[in-house]
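Novice: Chain by chain, the residues run as shown.
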Amino acid sequence: MTIPLTSSQRGTETEQAPDQKRRFEPSGKDQATGAGRRVSIKGLSAWYGDQYAVKELDLEFEPNKVTAIIGPSGCGKSTMVRCINRMHEEIPGTRVEGEVLLDDQDLYANEVDVTSVRRAVGMVFQKPNPFPTMSVYDNVASGPKLSGTKGKHLKERVEQSLRSAALWDEVKDRLDRPGIGLSGGQQQRLCIARTLAVEPEVVLMDEPCSALDPVATLRIEELIEELKTRYTIVIVTHNMQQAGRVADSTAFMLTGELVEVGPTETIFTKPTDDRTEQYVSGRFG
Amino acid sequence: MSAMSAGGVLPPVSPGRKRKDATMRVLLGLGTAVALVPLVLVLWYVAKRGLGAWSSSFFTTDPTGNFLGNPGGVKSAILGTLEMVALATLIAVPIGVGVALYLTEYGKDSKFASAVRYFVDVMTGVPSIVFGLFVYIVLILSGVGGGGYAGWKGSVALALLMLPIVTRSAEVVLLLVPNTLRESALALGAPRWRVVARVVLPTALPGLVTGMLLAVARAAGETAPLLFTAAIVNGTSFNLGTRMNSLPVQIFNDVGQAQDRLVTRAWGAALTLVLIVLVFTLIARLMSRRSRLT
Amino acid sequence: MASASVSAGGDRPVLGRSPLSRLPDQILKWGLTVLAGAILVLIAFFFVRLYIEARPAFDKFGVFGFTFDNNWDVSRSIYGALPLVVGTLITASVALLIGVPVAIAAALFVTELCPQKARGALTIMIDLLAAVPSVVYGLWGVFVLIPKLKPAEQWFTDTFHFIPFIGGAAVAGPNYFIGGLILAIMIVPIVSAITREVMATVPLDHKEAALALGATRWEMIRTAILPYSRAGITGAAMLGLGRAIGETIAVTLVVGNAPVIGKHLFDQGYTLAAVIANEFGEAANNPLHRAALIAAGLVLFVLTLIVNAAARWFVSRGQRGNRAAAEPAGVAA
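Chains as they are written, first to last, in the working numbering: chain H, 1 to 285; chain F, 286 to 579; chain L, 580 to 912.
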């Protein structure tokens, strides 16, 4: 499905090879519903030096759905998720094997530029981390600016992203004030806006609410519900009630392995594996 | 070429950005090389020209003061440096560690301690020649000890230079001694002075020695504070109450001369001095790597 | 220390220590306090003595006259230090222009770009630049830098003859430029070390945030590291400036020691520190000359004090600002 690019989507990165066969095809997330990308993990293994953290994992993330990853501390869920946007390799001494496919494109293929992977797969971190020296506007604009978006297109993109993150009304009169002047929950939504501004297809969230109070958490969970219509969302959480509230599917990991994955309700009410049953009923972790 | 050959799924990265990244990486690497090239060059030249000056007589004879003919060696300079730096260390280390002890054991929160800390920092920024001037005024102009140049006066100037270095590094090391160690000793009923002498200082000792060695390395290489305190003299002396020679001042003197042999001797002396300083610096580094605290 | 004198049975206090056994503690405490106070007294003493000895010169020429008159003529006993002040500023500026970018580049390279294994070795080598004694730098400058750079300097000034101050000069052997260059080499280790420390405090969070947006390595440095480190780097540069202003021996050997304000970068010049080292010998018997040199020392001292105080303020402001950034403003959504 080839959707004509609007000017704000196209940006200004236009140096294309003349013999290019396929053009960049966004998944139409400007529309109310669109086809998000599927992420398929095949035989993924990851190491920190000698420590074997993720063990030959296979997992699928359905497009336009929210998948939660749960498991006790140290089970490798954050590591696994960081392999999807290739942040794991930024730590010295790490190693990754296996495949991570975005639709049918292996993100670890030799010819792939890691910066373009990270534009397609965005990440929201546990602790809100807006750039401290930048205003609200500049924070959101920082991503698109890197790929050359300027002027009016940039302003539209910033506003669009802030609206998508349900933050526009609260900051529209204070766009040039420092990003760190916002409250914790607002800062996290600012980080979400910043991530959305580069127009990813997949959004990874690594315990996005663990540093926030319950009210802020609820607002972000509502936001996730809206966002899934346009993106594929993966959320790592240690809070099982949260997984129950937002996720369509849930995957349970233990010591680097995938134990079980399935529809959220099934995982929590009728899990197949004993270990899953023990974890979700609170007997360990 | 952009990354679009990746099947159209991933957004393209403009070659301009990749070029800029590569360019900046090269520039930063070049900058580092530029920083290090002088080090290599200086050490190489000093080694090359200095070795040519070394001989047994270089180390065993004093400068003769002859402009023509045999200029002599640098024996008095080497000994003078060692003597004056040793005395300076004896002065600076107890005082420096003492002040650091005050700051860490007694004065953590008082305004007085903050002022002391601030002024110790101020002292690190004072040009070494100003220390020389100060000692000249206080110890020579005023006629102390007969009012002439003397080795011990040079040591005082060097000690002033070393003091802030010793104090700063000692304070850092003493702060690293875990408070729990102090508290357990105090809880056993030991008086404070015992805790300091038997627990704090021994634990901090390697770090204190490191700081001391770095200060010694610095003092050994300084010329300006000695110019008008210990001045210069040809003969070897073990009497710190008279003028005393030193490697840096000897070199400084010889550089200004138009005589080849004197210049050669200057290179030889420079190699000697660099080796002394490097040895102290490297020992200090090795010690700090092995220390339990740092 | 518990010193209650509860008497269980008898007059002897059970918990108290005899006053005599507390004496060493008192001695230690007061001894160390006196020592620490002595530092303050020392600094004050510095100022006072320097000023007293410099007074004859200030009396004769006035404080402003001494500092800003453009005439340093020893033979006629006229001492106006402007050529020295200007020379100090020129050499220090050259040192900053060359040394600071190099130091920052080296700091960035070592912390962000170079492989883990090379990090330690590179750091030690950069720090070793500070271990070389200044007289050795001077020696090398006189016999290696000056002759070897002369052709290049001449080419430079001929090619850029249209730029004022830089172009169209006859290159003197020892000159402002070589002085500044040697100073640049000497300030690289300190500027680099402090910059490295400052950059090490950039939270991993911000670097990851930039990378996760699809930034290249350089873009991440530009977005997350440099803005965060701005104040600290400024402080580091100012500390380098302080060092460059006060450096004596290396400069006096390569700057030419000509007590006039040179019109070109490649002219001979003089600095405050160099004049003291150079002329003190002959001034020993001339009270006014000696007072003038001490006055130059006082000006130098005050200059370095101001620069270092400003430097420290910048570094601490950077730390304060960034610590404030680490805490979110409120708890509400």
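Honestly, the hints are just simulated from the structure, not real lab data.
These figures come from a predicted structure and were not determined experimentally.
Heads up, the beta-carbon is just placed ideally off N, CA and C, and yes, glycines get one too.
Don't take every hint at face value.
Claimed, not checked - Label-pair ranges, simulated between beta-carbon atoms:
#1 L:SER600 to F:GLU468: 18 to 26 Å
#2 L:GLY699 to F:THR345: 35 to 43 Å
#3 H:ASP58 to L:LYS696: 32 to 40 Å
#4 F:ASN524 to L:LEU783: 19 to 27 Å
#5 F:GLY293 to H:LYS150: 19 to 27 Å
#6 L:ARG698 to F:VAL564: 30 to 38 Å
#7 F:THR345 to L:VAL881: 43 to 51 Å
#8 L:PHE739 to H:LYS152: 55 to 63 Å
#9 F:GLY433 to L:LEU599: 25 to 33 Å
#10 L:ILE885 to F:SER469: 39 to 47 Å
#11 F:VAL311 to L:PRO730: 42 to 50 Å
#12 L:TYR630 to F:GLY433: 37 to 45 Å
#13 F:GLY293 to H:SER73: 51 to 59 Å
#14 F:VAL311 to H:LYS270: 58 to 66 Å
Novice: Now tell me if each hint is right for this structure.
Specialist: Results for each hint:
1. L:SER600 to F:GLU468: 18 to 26 Å: Once the Cβ atoms are compared, 20 Å apart, the range 18 to 26 Å for GLU468 of chain F and SER600 of chain L holds.
2. L:GLY699 to F:THR345: 35 to 43 Å: At 39 Å between Cβs, range holds.
3. H:ASP58 to L:LYS696: 32 to 40 Å: holds, 35 Å
4. F:ASN524 to L:LEU783: 19 to 27 Å: violated, 60 Å
5. F:GLY293 to H:LYS150: 19 to 27 Å: With a Cβ separation near 25 Å, GLY293 of chain F and LYS150 of chain H satisfy 19 to 27 Å, so the hint holds.
6. L:ARG698 to F:VAL564: 30 to 38 Å: violated, 24 Å
7. F:THR345 to L:VAL881: 43 to 51 Å: Given range 43 to 51 Å: holds, Cβ gap about 46 Å.
8. L:PHE739 to H:LYS152: 55 to 63 Å: At roughly 42 Å between Cβ atoms, LYS152 of chain H and PHE739 of chain L fall outside 55 to 63 Å, so the hint is violated.
9. F:GLY433 to L:LEU599: 25 to 33 Å: For LEU599 of chain L against GLY433 of chain F, whose Cβ atoms are near 47 Å apart, the range 25 to 33 Å is violated.
10. L:ILE885 to F:SER469: 39 to 47 Å: holds, 46 Å
11. F:VAL311 to L:PRO730: 42 to 50 Å: violated, 27 Å
12. L:TYR630 to F:GLY433: 37 to 45 Å: violated, 25 Å
13. F:GLY293 to H:SER73: 51 to 59 Å: The hint (51 to 59 Å, Cβ to Cβ) is violated, given that GLY293 of chain F and SER73 of chain H are roughly 39 Å apart.
14. F:VAL311 to H:LYS270: 58 to 66 Å: holds, 59 Å
Hints 4, 6, 8, 9, 11, 12 and 13 from the list above are not met by this structure, while the remaining hints are.
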